[in-house]
Every structure is written in C-alpha cells, then in structure tokens.
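Q: The chain contents come next:
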Amino acid sequence: MQIRTAWEKVTWSWNPRGEREAGDSIVRNLLLHWFPAKVSLPSLSFRYSLWLGTVAATLFFLLTVTGVALMFLYVPSVERAYLSVKDIEFVTSYGWFIRGVHRIAAHLMVAVVVLHMVRAFLTGAFKNGFGNVQNRPLNWIIGVVMLLITLFLSFTGYLLPWDQLAYWAVTVGTNIARAAPVVGEGVRYVLLGGHQIEQSALLRFYVLHCFFLPVLLLGLFAWHMWRIRKDGGLACMDQMILTSPEEAPASAGQKTYALLGITAGRTASVEMSAPGDEQHEVAGSPNLTRRILLVALVTVVVCAVLAVLVAAPLEQAADPMVTPNPAKAPWYFLWLQELVTDTTVKLGDFTINGALIGGVLVPGLLMLLLAAWPYFDRSSPLATGLWFARERRTQNLLFLGIFVLVLALTAVGTFMRGPSWNFYWPWEAWPDIPRNF
Amino acid sequence: MAANRDTLWIYVVGALLLLVTVAVYTQYFQPEWKDYQAGFHDLIEEKLGTQKAAQAPAGLQQVWARQLDRVDRCTTCHTGTDWAGLDSAPEPYRAHPREILAHHPIAEYGCTSCHGGQGYATDMVRAHATTLEHWDEPLLGKELGQAYLIGNREALMEINCNLCHRFDRTTAGMDYINRGKELVAAKGCRACHTINGRGGVIGPDLTYVGDKSPEQYDYSRMSGVPSVFGWHLAHFKDPKSMSQTTVMPNFGFDSRDAQSLAMLVMSWRHANLPVRYLPGAQLADRPTPEELAKEHEMMTGPGAFFVQKTCFICHSVSTLGIESAANIGPDLADAVADVPRRFGIPLESFLANPTGTMSVVLSTQIRLTPEEKQTVIEKLKIAYQKKQEQQTKSPQAVPKT
Chain A
1 MQIRTAWEKV TWSWNPRGER EAGDSIVRNL LLHWFPAKVS LPSLSFRYSL WLGTVAATLF
61 FLLTVTGVAL MFLYVPSVER AYLSVKDIEF VTSYGWFIRG VHRIAAHLMV AVVVLHMVRA
121 FLTGAFKNGF GNVQNRPLNW IIGVVMLLIT LFLSFTGYLL PWDQLAYWAV TVGTNIARAA
181 PVVGEGVRYV LLGGHQIEQS ALLRFYVLHC FFLPVLLLGL FAWHMWRIRK DGGLACMDQM
241 ILTSPEEAPA SAGQKTYALL GITAGRTASV EMSAPGDEQH EVAGSPNLTR RILLVALVTV
301 VVCAVLAVLV AAPLEQAADP MVTPNPAKAP WYFLWLQELV TDTTVKLGDF TINGALIGGV
361 LVPGLLMLLL AAWPYFDRSS PLATGLWFAR ERRTQNLLFL GIFVLVLALT AVGTFMRGPS
421 WNFYWPWEAW PDIPRNF
Chain B
1 MAANRDTLWI YVVGALLLLV TVAVYTQYFQ PEWKDYQAGF HDLIEEKLGT QKAAQAPAGL
61 QQVWARQLDR VDRCTTCHTG TDWAGLDSAP EPYRAHPREI LAHHPIAEYG CTSCHGGQGY
121 ATDMVRAHAT TLEHWDEPLL GKELGQAYLI GNREALMEIN CNLCHRFDRT TAGMDYINRG
181 KELVAAKGCR ACHTINGRGG VIGPDLTYVG DKSPEQYDYS RMSGVPSVFG WHLAHFKDPK
241 SMSQTTVMPN FGFDSRDAQS LAMLVMSWRH ANLPVRYLPG AQLADRPTPE ELAKEHEMMT
301 GPGAFFVQKT CFICHSVSTL GIESAANIGP DLADAVADVP RRFGIPLESF LANPTGTMSV
361 VLSTQIRLTP EEKQTVIEKL KIAYQKKQEQ QTKSPQAVPK T
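Chains A and B, in that order, are what the protein sequence lines are. Last residue of the first sequence: 437 (my numbering), numbering continuous. Last residue of the second sequence: 401 (my numbering), numbering continuous.
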C-alpha cells in the first residue's frame, strides 16, 4: 500500500488509480457500493439513453431539497396557505428562488420522466435479451407505476398554494376522476376527505405530497435500479453480445458469481467479460460517477436559470364561489381535459359522458396497454436496446403516433382553448380578462 | 479521452452554476426598497441633520393589523408617513395627512384597508398592483383616478372608506360617497332595488353588489377595457346601453354623479369588521350624565367622608346623599336612633365596641382613628337631624332595615 495523505485517504475512491483501486472503491465506499464495478461503454453513451433517468433522479433530489426548505415556510391551512406562499415570495430570503426551482423541477420532472419512458420504449428496453433470468418487463411496469406516482406527486403539489389556479385545477382533475365507474365517487371522497375541496383535502394532499408519495417513489426507484443490475445492465448491453461473440473468454465457464455477480446465471455482461477489456468496459468509479456528476450539474444549472427567468405564478386566493374562465387542469392533464371535451358529444337529446370516455376509459386503457405492452411485444431479443429497431418499426410508429396525439391534445388545451373553453386559433386574440378597475 | 472531456465539461458547467449562484445571491442585497430608504436617509440628513437621519428606518418594515388580517409593507418605501416636516416632500417620502391618522392609526388599520394595493409585496409594481394580472385590489390612487378622469384624482379611495362608514349618512372627507348616498335617497333607488334589507324587488338586491365577480358582468356593449367600474359608469349614465331589457330609467346623471354612484355601489361588500372598527360603536359601559352627577355629588358632598372610608359599600346615608349599591347594612341616617333600638347601647358605645359583623369590619377592613370615629358620630347626628326634619315635613313609615 502506498503512503497516502489525509486528503487522499478520504477521496481515493472517487478518483481511483488503476484497475485494482477502481474495483476496491466500489466495495469500500458506502455511496459507491451502489454502482457497478464495471460499466460498458455503450451504457455510458449520451446518445443511447440521453441520460434521462439520471436527469429525473437529479430533479427528484432537487425537489426534495427545495421541498424540505419550503416545508419550514409553508402552512397547510386553508386560512394561511396562500398568505404563507406570498410571504415566501416576498419576504423570505431567496424564497422566490427556492419556490421557483421547486416548481421548475416539478414540471421538468414530469416531462423528463415521460421522455425517459418514450426512450425506453423506442429502444425496446422493456425487452429481455439473451440473459438467463432477465425480467425487463417487470422493470418497465415499475417504471410505469413510477410515472403515475410522479404525476400524482405533481398533482398533489399543485393544490398547495391554494390560489385560483390550484383550486380549480384540482376541481377539474377530481371531477374527471369522479367519472370512473363504481369506484369514482369513492375515490374522490377518499382523496378529498369529503365532498368539497377544503381543509381536509389540503391536508391530505400535503401529507401525500411530502411523505407518502416521495417515500413510495424512492422505494420504487431503489427497486428500479436493482432490477437494472439484475437484468445485467442497460438494454444496450444485450446488443454487445451480437457484436463480440468471439470474445467470450474460456474461463467464463468456470467462474462462479456468488459475490459481486449479483446476477444468477450468465448475462450478456458476464458472457463477454474479460479481464482488462477496455474496449468494452470501464471502471464504474470514476467514469460512471463523473458522468453522473456532469448530468446532475447540467440539470441543476438549467433549473436555476429557468427559475430566474420564469416567475412561479400565484393567482388570486382560492375562491370556491368564482370560477376562473377558463379553468384548466395542470398541463400534464390538459390532454385529458381536451379529450373529455372532444368526447362529450351531443347526439340529439343524449350527451355522451365525455368524462367517462375521455377522462377515465381512454386514458385507463392506454395506461394498461402501456404497462402490459412488453407482453404483447412479439419481436425477438435481437431488437433489445436498439434505437428504432427494424423489427419493431410498427409498434414504434404506433407508440409515437399516440404520443404525438397526446402532445397535440396538450397543445390544443394550452394554446387554443380560451375563455369558456372556446376554440381560438393561435393567431386569434383572446378577449380581455375583466377586472374591477 | 472521454474522461478528460467529462472533466472539462464539469468545470465549465460548474463555473456556470457558480455564476448563477453569485447572481442570485447578490441580487438579494440590492432590492428596490433599499434605494428608496437610502434616498430617505439623504433627505432627512439634508433637512434635519445627521442625528435624525440615523433614526430613519432600515430594512423591511411591516404593519400587522391583526384584527383586520392585514399585513402591509408599504412603510418600507413610504418611510416618511409619520415624520413631522415632510408634508410637501416628494413621494414616496411624503408625510401622511395627520388628521385622519388621529382617527385611523396605521398600527390598527394598516395601509391597504384604505388605500388598496397588495400589502404583502415589497416592490412598487406589485405593491401598487394597478396592472397586475392576479391581484384585483389595486391602489385606489392618482393613477386610477387619472385613468377614469375623476375630478378629485384621489377620490377612488372613498370606496374603501365606505366599507366601514357604510351606515353613516354623511362622513367628513367622503364627498363622492356622500353625494352617492344623497342620490340614492333622492332618486328613490329603493323603489326597485333592495338595499340593506329595505326596498323593492323589480331590480336585483344591491346590498352586496360590490362582491360580484368581474366575470359576472356583460361587457358586450362596452368599449375599451372591460372593468366593473367602467360598466357601472356606463350603466348609470344610460342603463339601456348596457342592458337592453332593463326597465331602469335614465336619470341623466352627469359624470361626477355617475362616478359617485359607481364608487358607492362598489363599496357595498361584505366586510367582517370587528366591533371596534365600526364608526360610532360604543364599546365602554359609559355612565349617563345623571350617573356622573350623582357620583360627583357623593364624592364631594356632605357624605364624602363615608365614600372615602368605604362605608357606602354596605350602608346608605340617605339624607347626606350617599346611596349604597349593595345596601347590606341599614341606612345610617337612622343610626342615632336605630343603634340603641337594636343593641341597647348608644351609637358612641357601639362604635367603640362593635358587635357582630361590624366588629369584624371595623377591626380588619375599615380602621377608624378616634378622631375619625368622632367625625362619624358628628356626621351621623347631622344626618339624623336632617331625617327628622324630613319626617316632620312629610311623615313616612319607619324604613325597613
């Protein structure tokens, strides 16, 4: 062992010298033991995964930090919530910035999680490859559940400022949920703690938002990452077996994988692992950790800059007697609201229940289809971890088609629905909002 | 190598993050209000010297009118509100007119309850809120007064005055509102409209019409920016122009009258006012003039001694003008005759050696020196004499004791 300075003793695992230290650092550092000792180069590529998962995780971390700071300042009471947010904006040192970052990170997280899902679909990352005991479809389902929790987290947080925007967005959202058959009313009642959006709703949403949902998400995140390791790494790993089958080392048959080999049986990474194979693999510490740091920094900078440039809105205090015109759901549910409008069709005396069709059945079916898709997928393992694989062209196009439709509905709901939910072309001016003076 | 590229990018992005951090950090130290406070400091130094200037406020200022649930930070910039000698200083340093502050102290009313605006804000644009999208309680000051061509540019504020002074017939300093109230009485609005529980039902109940949301008005016949105040102005000037099916007659109001009425109706809102904020509300249990006179008489008249010595708590001395509230003991006007009747000893002896309750009272609660006891006897003799004189004039039954 070389003599080390105190500084080196503390920091060696983050900047290991040589293969031996790199391997050591993974097992001897509490924070690093989470990561794989070796990472394949394709996995590290920006172009493959776009690192959206890391961005989402960083955003979650940012949200937690800013969220905890806000918890010292915000009061979840109907009488004081709005005013406490005003005080955060005007009086608390950097309160506006903490709130701004929290809001930007929240919106970005919904967007990034959705994009991460799109990437995972388009690369067939929900598919099993050539490994023995892979279960990527399970990880995909975990991911879908995490997406739903992210949406719910954003929705519960949306109510907390208790301004007109918050109150009526939640009114729209919970009224759509009410349309679910059999359970609709019950679910709404449990969510709101009553029939109206009042103190019990605010408190419930607050507790869900600050504790239960983040803890649940964290648990699922841990499971999600665990599954990655068990499945032998990112899906692009399974492509590597196709490019370098001749490099399977003779010793691979005799090695046991009891300790570091978390995978039972042989996966792609095991098949092609050879000592010092720098062509395909590099040490997790520092290559993976360095890249994570870079992605995290970029995410933080983007959030900070956006928070400075875009002020977090705070409309008038919530007034159950006055509905703003138009009253819109949060942007990630606007496609639902638009769909509800479009499926509420009058046929003579009868009106189709758009809330049920467009608000519950269609999105419900889409979600189920999304979650179950890996089991409908008929393509071969050759298409695992490949962008726009030929084999999966049809399903990719279908998926993209639905995604673009959802985006279009969101755009219509955002930009082309004005007062009284009337349709306005982008070039048509909306009427002035009337004021007292 | 990729590693070096990553490291380079980390430094670049890190530097960017550092820049953003420094930018955000430093802007905190340069808020708008610091400039105003510095200006005020200079003004005071120039006018009143350095020592006074040291007393100029520094930092965020806040008035919390708890009972009205208002938090106003206007005094952060409007630092001269309470200072003498700044009556003609430029805004925002001008002193507030004194007279009205005597009846409406800032500590109890805040600022926005009269002037409007967003008290929570700490910069001018958001505090005055004349053009803010999501705060519809703008500063009712010169800017809006100008926009609506009100003769007295600052009169719009009277809308807020009337929230409390609603039930006054007239109030000093509220010319437009007073005129409006005059017109309501003179033109017979109550013939069709119910106002404060009285009136007709042909038109809508106007008692809380000021609470109506701006979105509930029909602006289709209005030109310009849709506003409630504008709607009322147009409606008062010509009701049919705003509402085709109305039966409300055209009263031919001129601009000033229309403005007065518009301001009046916009002031008709729900206001949960604590009692102490209601004009003319009596909070104290105030004595009547007769009660005051009686009190004065008791304390300075012939029986004053019995008040000073607290005998009057239990005993009246009727002929000396002393009335007890409790009347636990007998009327002492009779004592000269009554004591021998009850106890078989003269008054002097009883005072020297009291029995029963009086023994407790005179030994613990009311200590009389020998001279004082002598005074008691003398006064009670006078009282008895007066009693006898009274009885000869108008014979009465012996009072029950």
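Mixed in with the good hints there might be a few duds.
To be verified - Derived pair list, reagent style SDA-like, types lysine to any residue, alpha-carbon separation capped at 25 Å:
1) B/LYS142 <-> A/THR341
2) A/LYS328 <-> B/HIS134
3) A/LYS328 <-> B/ASP136
4) B/LYS212 <-> A/VAL310
5) B/LYS142 <-> A/ILE433
6) A/LYS328 <-> B/LYS142
7) A/LYS328 <-> B/PRO226
8) A/LYS328 <-> A/THR341
9) A/LYS328 <-> B/LYS212
10) B/LYS34 <-> A/THR341
11) B/LYS142 <-> B/LEU163
12) B/LYS212 <-> B/ASP238
To be clear, the hints were calculated from the coordinates, so they are not data collected in a lab.
Q: Work down the list of hints and note, for each, if the structure agrees.
A: We went through each hint and held it up to the structure:
Simply put, B/LYS142 and A/THR341 have alpha-carbon atoms about 45 Å apart, too far for the 25 Å limit, and the pair is violated. Of the supplied pair hints, the one linking A/LYS328 and B/HIS134 holds, its CA atoms being roughly 16 Å apart against a limit of 25 Å. With a C-alpha separation of about 20 Å, the suggested pairing of A/LYS328 with B/ASP136 holds against the 25 Å cut-off. Of the supplied pair hints, the one linking B/LYS212 and A/VAL310 is violated, its CA atoms being roughly 32 Å apart against a limit of 25 Å.
Proximity of B/LYS142 to A/ILE433 is assessed by CA-CA distance (about 23 Å); at most 25 Å being required, the pair is judged to hold. At most 25 Å may separate the alpha-carbon atoms for a hinted pair to count; A/LYS328 and B/LYS142 exceed this at roughly 36 Å. At roughly 22 Å between alpha-carbon atoms, A/LYS328 and B/PRO226 fall within 25 Å of each other, so this suggested pair holds. Under the criterion of a C-alpha separation no larger than 25 Å, the hint pairing A/LYS328 with A/THR341 is consistent with the structure, at around 12 Å.
Of the supplied pair hints, the one linking A/LYS328 and B/LYS212 holds, its CA atoms being roughly 22 Å apart against a limit of 25 Å. Between B/LYS34 and A/THR341, the direct Cα distance comes to roughly 51 Å. Violation of the 25 Å bound is thereby established for this hinted pair. Taking the CA atoms of B/LYS142 and B/LEU163, the gap is about 20 Å. The hint holds against a cut of 25 Å. At roughly 20 Å between alpha-carbon atoms, B/LYS212 and B/ASP238 fall within 25 Å of each other, so this suggested pair holds.
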